[in-house]
Structures are given as structure tokens and as C-alpha cells.
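Colleague: As a plain string of letters, each chain reads:
There are 2 protein chains.
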Amino acid sequence: MFSKQTYIQRREELKKKFNSGILLFLGNDETGMNYADNTYHYRQDSTFLYYFGINAPGFYAIIDLDSGDEIIFGDDFTIDSIVWMGDMPSVASLAEKVGISKTETSDALKKRLAKADNVMFLPPYRPEHQIKLFDFLGIHPSEQAQKASIPFIMAVAEQRNVKTHEEIDEIEKAVNTTVLMHRTAMRYAKPGMTEAQVAAKVAQIALESGGQLSFPIIATINGQTLHNHFHGNTIREGQLFLLDAGAETPMGYAGDMSSTFPVSKQFTPEQRDIYEVCLKAHNAAIDMLKPGLHFRDAHLLAARIIFDGLKSFGFTKGNTDDAVANGAHALFFPCGLGHLMGLDVHDMENLGEQWVGYGGEPKSTQFGLKSLRLGRELKPGYVLTVEPGIYFIPQLIDLWQKNGTNKEFLNFDKINTYRDFSGLRNEEDILITQDGHRILGEPLAKSVADVEAERKYAFE
Amino acid sequence: MFSKQTYIQRREELKKKFNSGILLFLGNDETGMNYADNTYHYRQDSTFLYYFGINAPGFYAIIDLDSGDEIIFGDDFTIDSIVWMGDMPSVASLAEKVGISKTETSDALKKRLAKADNVMFLPPYRPEHQIKLFDFLGIHPSEQAQKASIPFIMAVAEQRNVKTHEEIDEIEKAVNTTVLMHRTAMRYAKPGMTEAQVAAKVAQIALESGGQLSFPIIATINGQTLHNHFHGNTIREGQLFLLDAGAETPMGYAGDMSSTFPVSKQFTPEQRDIYEVCLKAHNAAIDMLKPGLHFRDAHLLAARIIFDGLKSFGFTKGNTDDAVANGAHALFFPCGLGHLMGLDVHDMENLGEQWVGYGGEPKSTQFGLKSLRLGRELKPGYVLTVEPGIYFIPQLIDLWQKNGTNKEFLNFDKINTYRDFSGLRNEEDILITQDGHRILGEPLAKSVADVEAERKYAFE
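Keeping their order, the protein sequence lines are chains W and C. Quick note: the first sequence uses the numbering used here, first residue 1, plus one each step. Quick note: the second sequence uses the numbering used here, first residue 1001, plus one each step.
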């Protein structure tokens, strides 16, 4: 937990954006896996954590902009609970740690809200929030996203987007654990293991730090499937292994990195060629990051480098600028260059990308560019990922070939010889500084030579 | 997944208990941690798994007892999803694997239920189920538990309580992974580590098997706090370490064991004395398990052995039968001897202990006995845990001493010298056979000598 003053200042800054009404903050409850009391690990709502710091279930808060009241709602433990759960701090003592002197029981919240006529809330992403909003405000779950307060969303997004020094320190802790997760995997994965064995080792590193994973691990020989959480394959010589994993600190800040390495000691020549095209795009995109840059331009630079590099091996053809303008690179790079990161690994994704990553501007609808989560000018204090990738996705190749999509820029004969290549990416976490950028965390091997040096340990 | 015939037979057996109406089965959805798409690992509802086998989100099913129709509701993937998620089997092909030929889209379910007048459902434990039931049937979340169908609950409980050979094989796989988790911890934990380091190592074993944890790990030097998921302490020579952890197989079957070992190479004399009292109760309770035994009698035997053993060291006094009848043992053993186990680690806890563990009989209200989750006659095919413990809970000691609770059976002066002892238990998983019982899984060290032999590895 940060100092009391931090939370007081965060709320003061938020309040300056409003004149009247009630800001409602719903903390997260526990979630039962297969019955109510068999819970997943607890995860507090990040906005609640940001303004109220309490990392435990059963809490709600309001800021009454008319009276100036800041109130935390929650229930003290009974003696019965203390026997089973140990001594627990009182609601009042938890509130005091974040500079709040008014607390009420959870029952009192509904009564307060019933009397109010301008309650502003954020879009709910947990069904328990939907039930609460229905109960408190009488708004049906299907209408809640639409009735969320855009000024509230925008104020939270603008404030949380700019990280303070103490937040950056916390994010860097997460990134350093994340680096260790990836380095360990590079040294641990051996032909004949299952993907699950590698994922389990990576999870161990995150958990032994006292935190959690910041998102479900991707640990796969099928890197071309972008959202792949299957870990059932045995890994074999000659394959590429893609790991996308990150740690979350006990305070809730995220790291998020990707690495790709050969299951064998070394990359094949074909793997090395594609890997180096992607790494060139990765490094060039990072190099240009600074305040005032529009992140879409870094994305498009990476797209051009990928298209050009693939052209040198005969996969693509034609004018690169025209190809990228037409989205032809998106056959190989159908997703975005990166995203904001903080208390959430995709920071504030629940508030809506249009507000958080685009400052309210509409997103492109073009295939590829529409998946770019961040499309605005960068400011000092932003923390973001850079993660271009090159993927050979058989289903997408077949679809484009059938439809003739971008056929003037693509050599499908050559591309089809790489249908089984899988996919690869590197990903690092970057802070935008006053005059440029800084890659967060200890360095992780990313050149071919450095990755192959790490792989030697696995075969010792 | 089991054979098609297994699922067909399970549904046939269930249908025999009813004449008319619709049985509704709600599968579990994904749960977002801090935004919708950052999900916890997926866990299907166990009753849905039992009758319909599909281990994926977004599915519902009904059995129409009047028409005989069995229908699975779900939506096929779009080409967009396939690009991101890989090839996915169709709803029809998933349904076919469990012997169901009728499938409809998820939208169709609401329309079907709107026309029905006797829809039976199970108590919801996920808020997403509450929203669905409200949407489908117009029953407010606060009234749903009460309006759940008791005949449906009883029919599912009686059927799932008796495990088949193929289920027992699956449970034994989970138990064997669980044994490995505990043996590894005994050989791994060293003074100076954090509890989180030991928990992380234990989690690695569960995850590398391709499954999950069956419940959140308890790995603590404060075993006296029964529901303790804090892992932040550094472990020190002289302390006791209590591990309660289990694996879940990819099909969803659970193991659940507890072990207690010294952080040092050996138990102190005081630790050994208390440990051996508890282990004697544990072994004696297991020895008596067989069909026809009322599990409450095994619980009470364990309580008497604990009370007697503690009397030999001067913690308790007076007539043992009277003491146990008055619940005096519950100062040290405030919980139950064990619980049923299967697809859920506390099997079907969501259906209600009164129905699952008590066959509809009311539970005792006495402190201690009221926490016994299983209180019925045992039948062949039941799988259950045995896990007596001895805990020195300072808050409970203070409460009882202040109130004079059971003071005629307790030597508080002696007890108070053990306020910092913490707590201990052993737990194993037992199958009730035709004529007795079988402890499931490979043997795990539980005698003092065997545990100390495992601990030697940690100091090599």
C-alpha cells in the first residue's frame, strides 16, 4: 500500500474534474470456482485499489461531490470469522490508512444511493457488479454499460494513464519478476516436456515472489494462435516456443513480456530469418517512442519493417507504403503493436479502449489496425508494451487466398510453404520519459545470439 | 472425457427420478479478474460436467421430461474467433460426443423456458447464473436459492455421491498428484524461505500435471487459523508447517490432503506429542470406515481420542464421553472430521450440505459438530476425506476462558502455555468399498519417523 497522502491526493485530483453528483466505486467480491466458498485467488478492482487501496472483498465507496464526503462501506468481522480467519483489521482502521474517516456498513450504501439523483458509475465487468447496480439503481444489466458515466471514465483514464514515480517503481518490480520468468523458461524448456511443464515453472516464479500472474500464461508451440491457453502439447526439436507471461505484484501492478525461442539449442535458418525481421521491427518501434509521438505511427513503422523484411524473402511484393495502407501486413501481423499497462495488464480495458487508449477518438475499422489498443499521442508517465509479431495463421491464409484479399501484395505460393511455421514475437515494457523512453526491468535475451546462449543451459 | 455411453447412462438414471417438467443446467462462463477478457482459469460447473461433459464456457442444457428432449444450447465460433483462438469443434460435434443430437443457439434457451411452466434449477453460486435465472425465469437473485428444486438437488446428490470405477480411477490420479505435491513440499521447505515459495513449488506440481489446484493452497506456519491463505511469512526453525493442498485433473476430479511437518529437521518433543495424538485419531477414524457406519461416529471417535490424548498431557480433564457430548474437544478441534469429495473438493457444496452430506436430515447446531460436513451412513462408492486436527486458537481460548465455556473439562492454565503452538492435521482421501475402505493414492509419510525421514532431504 502507498502512503495515506497518495490516496488522498489521487481523490483530490479526481474531484477537481466534477462539480456535483456521486461517484460510485464497486470493489470486487470473491468468485467461487465450482461453489461459493471455493474461490479463485482474490483480485480487487483496479480503480478501487487506485483510489481506496483496500485489497480485500466486500468493500464499496462513494465520493459525494456536493457534500465532499468520502465514505467506505464494509462490514467488520464477527468473532466467528476471526476464529476461522485470524485477526482482521476493522473497516475503520483500513479506511484510516487511506485517509478516510467516514465508514458505514455495506447495508447503508443502498439507502444512500436511493436518495441520490446523480450517481455516476463505471462500466461493470463482473456479474456481481451488475447485480449490485441493478439492486442499487434499478438499472437492468443489459443497459448498464451504456449508462456508465463517460466523464467519470475519462477522468479516471486520464489520471491513471500517467504513472507516478512510486507506481513506476512498483511496475518495474513486476517487470523484473517477469524477466526472471522468461529467462527461467529459456533455460528450463527441453524437448519432450509438455507445454504445461514450462507454464508451471513460469507460474512458480510469479507465485514465489508473493504475487500472482498478471494474466493467463501463453506457453505454446502454436504461437500463430494468438489467444492460446492450451498447454497439452509435447514440445519437440525443431519447433518454436512462444511464451507470453507476466507477474503481478502484491499491490496489483503488472508486467507483461513475450519471448520466442527454439525448442532445439538453436533456431533453424528459416526461424532465424523471420525472428530477425520481427526483432528489427520491435527495436525500431521502441527507438522512436517519446512524448508527442502518435503510437499509431510506431505501429505502422513496425508494419512496414515486417512487410519489407518478408519481401526480402519473397513472401510479399509491391510498394510497401501502399501495402501497409491497405493492411496487407495484417496477414502476418493482425494485431496491434502494444497497449498501456499499469494496475491492469491491458490498463483499464474495462473502461473502454476508445476512452483509455484513444482519448475518445474513434478507432480504425481496418483489419489489423482495428486491433491496435493504443492510438493516441504519448505523454511522459505512460507505460506501454511493444510487441510486434509475425504469425502464419493457416485459417487466415486460406480465407485471404480464397477471397483474393490483398493479393497484389502477397505471394501465396511462397506463404503456403510456411503454413506450419507457427508464429513469434518479442514484447517489452516501456516507460515514456520527459524526453524519450526507458525499457523497464533487467535486460532479457532477445537477439538470436543471446537467446541461443540462454538455451545452452537447458541442454547442460 | 468419459465415453458417450457414460453420459447417456447418467442422464437416463437422473430422468428416472422425475415424471414431468424441465431440468435446467447452467454451465459456467468465464470470469474476468480485473476486466472481462483477463480471465481466471476456466472452471466448468461440476454438475454440467457430470451430465454433459463439455468443459468450455457458454453452454446450457435442458432435459425436457415430458418430451424426452435433451438439448444443448451454445454458439459456434465465427471465422474471426477461429483466427484468434484456432480451430474449435462445433456445438453439434461436442454434443454428439456425449450422446446428444439436438443443439440450439444460446438465444433459443430463453424462448423455450418462457413457454415452460415447471422449470427446475439448482441453487446458483455464480452471479452470472443469478443474472441468467432472473433473465430466463424472472426470479430475483435474492429469491433464487429458496426457489431451487429440492427433488432436483436430491437426485443429483444421491447419484453423484456414489462414484463409479471410472470416476475412482480419475480421483486416484488427482490424489497421486496431490501426494507428490505434499512429498515435494516436505523435501523442499527450508528455514528462511517464505510460505509463498513453498506454495509456489506445490502449485507447480499441480499445474505441470496438466490440471489445476482443486482449491486455494493453505501453506502456513499459522495452522491454527483454519482458512488461512496468507503466504507472506518467512518460515523459521522450531515452527510447524501445515500444508493443505490438492490437485484437480483436467477432467475436474479433485484430490485433497493435508500434512504437517517441522520447519526444522525434527519435531520438538512438544510438537511430536500433539502430532501423535492427532495421528492416532486420524488412523482410528479411518480404520472404522465401512458401509453402514454413520460418519458422525467416526468424527466422535476422533474427538474422544483427541480429548483423551490431550488429557494425558494435562490440557483436559474429566470424563471423556461427557466432555465430547458437551463439545469440549471443539476448543482444539472446532471443525469436522471430513467431507465428501469428487468433481468438487467439497463435493456438491453448492447444492447444500443438508442434502448432500446429511441426506436431508438437519445438522447439529453444537459448536464443532455444526461444522461437520458429512453426517450420514456411508455407502460403497462414497469418497471422503479424514482430517482431524488439533489447533491452539488464541482468540477461541480467550473467548471460552472469558465465558467459562466447558471449564469443567479444560485446564486453561496449561492450555495458555501453548497459545503459540499453532495447529496441525493430517488428511487423506478414502474410498468406501463393498466391505470396508481403501486409502486412495500412493502412501505419503505420516508417522513422525517417516515425516522426519522426508525432511532430511531438505537439509542435504
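It should be emphasised that the hints constitute simulated quantities derived from the structure, not laboratory data. A quick note: this is a predicted structure, and the numbers were derived from the prediction, not measured. Treat the hints loosely; a few may be bogus.
Calculated pairs, SDA-like style, for lysine to any residue (alpha carbon to alpha carbon, straight line, at most 20 Å) [to be verified]:
| no. | chain 1 | residue 1 | chain 2 | residue 2 |
| --- | --- | --- | --- | --- |
| 1 | W | K147 | C | K1370 |
| 2 | C | K1370 | W | D37 |
| 3 | C | K1402 | C | Y1418 |
These stretches of chain C come out as covered by chain W in the derived footprint (C-beta under 8 Å, 3 or more residues) [claimed, not checked]:
| no. | stretch |
| --- | --- |
| 4 | 1054-1065 |
| 5 | 1280-1289 |
For the chain C half of the interface with chain W, some residues (derived, Cβ under 7 Å), not all of them [unchecked claim]:
| no. | residue |
| --- | --- |
| 6 | N1034 |
| 7 | A1036 |
| 8 | P1123 |
| 9 | Y1125 |
| 10 | E1143 |
| 11 | A1200 |
For each residue, glycine too, the CB sits at the ideal point set by N, CA and C.
Colleague: State for each hint whether it applies.
Modeller: Verification of the hints:
Straight-line distance between C-alpha atoms of K147/W and K1370/C comes to about 46 Å, which puts the hinted pair past the 20 Å bound. For the suggested pair K1370/C and D37/W, the alpha carbons sit about 17 Å apart, so the restraint of at most 20 Å is met. A C-alpha spacing of about 17 Å is found between K1402/C and Y1418/C, which places the hinted pair at or below 20 Å, so the restraint holds. Coverage of the stretch 1054-1065 of chain C by chain W is violated [criterion: at least 3 residues with CB-CB distance below 8 Å; count 0].
With 0 residues having a beta carbon nearer than 8 Å to a beta carbon of chain W, the stretch 1280-1289 of chain C misses the requirement of three or more and the stated coverage is violated. Taking 7 Å as the C-beta contact cut-off toward chain W, the hint placing N1034/C at the interface holds, the least distance being around 5 Å. The beta carbon of A1036/C is positioned within 7 Å of a beta carbon in chain W (closest approach about 5 Å), and the interface hint is therefore held. Below 7 Å, beta-carbon pairs count as interface contacts, and P1123/C has none with chain W, the closest being about 9 Å; its hint is therefore violated.
The beta carbon of Y1125/C is positioned within 7 Å of a beta carbon in chain W (closest approach about 5 Å), and the interface hint is therefore held. Annotation: interface hint on E1143/C violated; nearest CB of chain W at approximately 13 Å, more than 7 Å. The closest approach between the C-beta of A1200/C and any C-beta of chain W is roughly 4 Å, which is under the 7 Å cut-off, so the hint is satisfied.
Checked against the numbered hints given earlier, this structure breaks hints 1, 4, 5, 8 and 10; the rest are met.
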